[in-house]
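Residue numbers (the numbering used here), protein chains in the order written: chain R, 144 to 243; chain W, 102 to 440.
Mixed in with the good hints there might be a few duds.
[What the hints assert, rightly or not] Ranges between beta-carbon positions, derived for each pair:
1. R:R152 <-> W:P358: 49 to 57 Å
2. W:E317 <-> R:P184: 31 to 39 Å
3. W:I166 <-> R:E166: 52 to 60 Å
4. R:W149 <-> W:E317: 12 to 20 Å
5. W:D185 <-> R:R167: 54 to 62 Å
6. R:E180 <-> W:I166: 17 to 25 Å
7. R:K169 <-> W:E318: 44 to 52 Å
8. W:H107 <-> R:Q151: 43 to 51 Å
9. R:I218 <-> W:F294: 48 to 56 Å
10. W:R161 <-> R:L163: 34 to 42 Å
11. W:D150 <-> R:K169: 45 to 53 Å
12. R:L160 <-> W:L156: 52 to 60 Å
13. R:I218 <-> W:L156: 25 to 33 Å
[What the hints assert, rightly or not] Here are the simulated EDC-like pairs of lysine to aspartate or glutamate, each with C-alpha atoms no more than 20 Å apart in a straight line:
14. W:K247 <-> W:D257
15. W:K178 <-> W:E210
16. W:K362 <-> W:E196
17. R:K192 <-> W:D257
18. W:K260 <-> W:E196
19. R:K192 <-> W:E210
20. R:K178 <-> W:D120
21. W:K361 <-> W:E196
22. R:K178 <-> R:E166
23. R:K192 <-> W:E317
24. R:K192 <-> W:D353
25. W:K381 <-> W:D353
26. R:K169 <-> R:E180
27. W:K171 <-> W:D353
28. W:K221 <-> W:D353
Think of the hints as simulated: they come from the structure by calculation, not from any bench.
The C-beta atom is built at its ideal place from N, Cα and C for all residues, glycine as well.
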Amino acid sequence: MNISDWRQRMDEIDKKLVELLNERCKCALEIGHIKHESNIPLYQPTREKEVLANAEENNRGPLSHGAIRRLFERIIDEARSAERIAMYGESSITDEEESK
Amino acid sequence: MVIVMHEDATDEQIQHVIDRVVASGFDVHRSTGASHTVIGAVGVHRDFDHRDFELLEGVREVIRITQPFKLASRQFKPQGTIVDFGRGVTIGGNEITVAAGPCSVESPEQINAVAECVAKAGAKILRAGAFKPRTSPYAFQGLGEKGLQMMRQAADKHKLFVVSEVMDPSQIQMMGNYVDMFQVGARNMQNYFLLRALGETQKPVLLKRGMSATIEELLLSAEYILAGGNYNVVLCERGIRTFETYLRNTLDIAAIPVIKKLSHLPIVADPSHGTGRRDKVPPMARAAVAAGADGLLIEVHNDPDHALSDGAQSLTPGEFSQLMGELRIIAPAVNRHLS
Chain R
144 MNISDWRQRM DEIDKKLVEL LNERCKCALE IGHIKHESNI PLYQPTREKE
194 VLANAEENNR GPLSHGAIRR LFERIIDEAR SAERIAMYGE SSITDEEESK
Chain W
102 MVIVMHEDAT DEQIQHVIDR VVASGFDVHR STGASHTVIG AVGVHRDFDH
152 RDFELLEGVR EVIRITQPFK LASRQFKPQG TIVDFGRGVT IGGNEITVAA
202 GPCSVESPEQ INAVAECVAK AGAKILRAGA FKPRTSPYAF QGLGEKGLQM
252 MRQAADKHKL FVVSEVMDPS QIQMMGNYVD MFQVGARNMQ NYFLLRALGE
302 TQKPVLLKRG MSATIEELLL SAEYILAGGN YNVVLCERGI RTFETYLRNT
352 LDIAAIPVIK KLSHLPIVAD PSHGTGRRDK VPPMARAAVA AGADGLLIEV
402 HNDPDHALSD GAQSLTPGEF SQLMGELRII APAVNRHLS
């Protein structure tokens, strides 16, 4: 395979990743609603630790555990943000990177 | 806001910080580095004190990203503010606008003589004090409303605008009859009660930097005026106190480009108070224009040796005229104009 073949393969994977990430986000939104109704705090450090541990356990490489951890930290950050919106509302999923 | 955790911060400490960041309404961007965990707090909260996070256990450093001033920030008005006095006189445009005059109004003859010579040399605004905040209560305190009347008459005669210092909110209405721009002196820069009152007027305000104020504090003071709805604010660098005592103050020339970058408000320099000595005024005036100042505030007296206040830092009419000639040469070098 040449570079463009590999890139095409990557594009296909990215498409699936986006679909899967959105599936995951939908779960987070549902959890947000339940947390809101049941008065459960947004931030659940034990659960986040569990997600990271699961990711590392499932990791067979070549990505290092550290790399998987950093990627999942971002996924968790975005899920937490989605849950917050489900709990407290906001116009859309935030895109405020510039206003840090 | 970015929170950098200590190298040996525990999981519990990191969790506690995230907990507090989430509770404050921010989104979290957690990043585990090779040695340090960095927690980004994403979102904008105006009434937020980042120092609260510096005190949490395991935190090494907290870096604030957004400025505490909003209306005064350059982002609010990227093109820059131009304060318009009418008759083609502005501060903040391409033209460098010079306000000149004596420290205090002393008599109709004195203010008229000074107005005549500064107008002839190219100044557009007459500056003088009628209420003088003197360090000593026994020093000359100014002529009050009578002084303002003399100043207005002299300015009108020579087609100048008038700027004079306001000391107290109770003077605003009366002074509004005589002045085209209120000056807030260095000693009053953090008189928030006065700043709020000026925010409710629409007349331009010349806000001088306090002698111990940081640039951020100056911009926060401007924010008070802007927040009241008055957008005609001109900032003024007039020297700060440093360990150097040779001159009266240290004129912070670097503040000019710094403020130009941070804020959309025009900035002028006052080399007279900035140095306190006549012979040092022209070099600092030239430097300020070269550094990008939108204008200057210069003390000129027809008879400096007999001035009732600040004679030592006042230029003679001849010195002022010569300086204006030099500034006309410097201005085009920095893409500005001085008519």
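Going down the list of hints, with the structure as the test:
Taken as a hint, the range 49 to 57 Å holds for the pair R152 (chain R) and P358 (chain W), whose Cβ atoms sit roughly 51 Å apart. The beta-carbon spacing between E317 (chain W) and P184 (chain R), approximately 35 Å, falls within the hinted interval of 31 to 39 Å. Here the CB-CB span from I166 (chain W) to E166 (chain R) is close to 33 Å, at odds with the stated 52 to 60 Å. In this structure, W149 (chain R) and E317 (chain W) break the distance hint of 12 to 20 Å, their C-beta atoms being roughly 51 Å apart.
At roughly 56 Å, the beta carbons of D185 (chain W) and R167 (chain R) sit within the given window of 54 to 62 Å. Checked against the given bound of 17 to 25 Å, the beta carbons of E180 (chain R) and I166 (chain W), roughly 35 Å apart, lie outside it. Checked against the hint of 44 to 52 Å, the pair K169 (chain R) and E318 (chain W) passes, with Cβ atoms roughly 48 Å apart. Checking the proposed 43 to 51 Å range against H107 (chain W) and Q151 (chain R) shows it holds: the Cβ atoms sit about 45 Å from each other.
For I218 (chain R) and F294 (chain W), the hinted distance range of 48 to 56 Å is satisfied, since their beta carbons lie about 51 Å from each other. For R161 (chain W) paired with L163 (chain R), a C-beta distance near 36 Å keeps the hint of 34 to 42 Å intact. About 36 Å separates the C-beta atoms of D150 (chain W) and K169 (chain R), a value inconsistent with the hinted range of 45 to 53 Å. Between L160 (chain R) and L156 (chain W) the C-beta distance comes to about 40 Å, which lies outside the given range of 52 to 60 Å.
Checked against the hint of 25 to 33 Å, the C-beta distance between I218 (chain R) and L156 (chain W) comes to roughly 30 Å, which is consistent with it. With a C-alpha separation of about 16 Å, the suggested pairing of K247 (chain W) with D257 (chain W) holds against the 20 Å cut-off. As the CA atoms of K178 (chain W) and E210 (chain W) are separated by approximately 43 Å, the hinted pair breaks the 20 Å bound. Between K362 (chain W) and E196 (chain W) the alpha-carbon distance is near 19 Å, which keeps this suggested pair within the 20 Å criterion.
For a cut-off of 20 Å, the pair hint linking K192 (chain R) to D257 (chain W) is broken: about 75 Å separates their Cα positions. Restraint check: the Cα-Cα separation between K260 (chain W) and E196 (chain W) comes to about 17 Å, which is no more than 20 Å; the hinted pair holds. For a cut-off of 20 Å, the pair hint linking K192 (chain R) to E210 (chain W) is broken: about 82 Å separates their Cα positions. The suggested pairing of K178 (chain R) with D120 (chain W) holds, with an alpha-carbon distance near 16 Å, which does not exceed 20 Å.
Taking the CA atoms of K361 (chain W) and E196 (chain W), the gap is about 16 Å. The hint holds against a cut of 20 Å. The hinted pair formed by K178 (chain R) and E166 (chain R) meets the criterion: a straight-line CA distance of about 19 Å does not exceed 20 Å. Distance hint between K192 (chain R) and E317 (chain W) is unfulfilled; the C-alpha atoms sit about 41 Å from each other, more than 20 Å. A C-alpha spacing of about 51 Å is found between K192 (chain R) and D353 (chain W), which places the hinted pair above 20 Å, so the restraint is violated.
The suggested pairing of K381 (chain W) with D353 (chain W) holds, with an alpha-carbon distance near 14 Å, which does not exceed 20 Å. Simply put, K169 (chain R) and E180 (chain R) have alpha-carbon atoms about 17 Å apart, close enough for the 20 Å limit, and the pair holds. Restraint check for K171 (chain W) and D353 (chain W): the C-alpha separation of about 23 Å exceeds 20 Å, so the hint is violated. Restraint check for K221 (chain W) and D353 (chain W): not satisfied, since their Cα atoms lie roughly 29 Å apart, outside the 20 Å limit.
Of the numbered hints stated above, those contradicted by the structure are hints 3, 4, 6, 11, 12, 15, 17, 19, 23, 24, 27 and 28, listed in ascending order.
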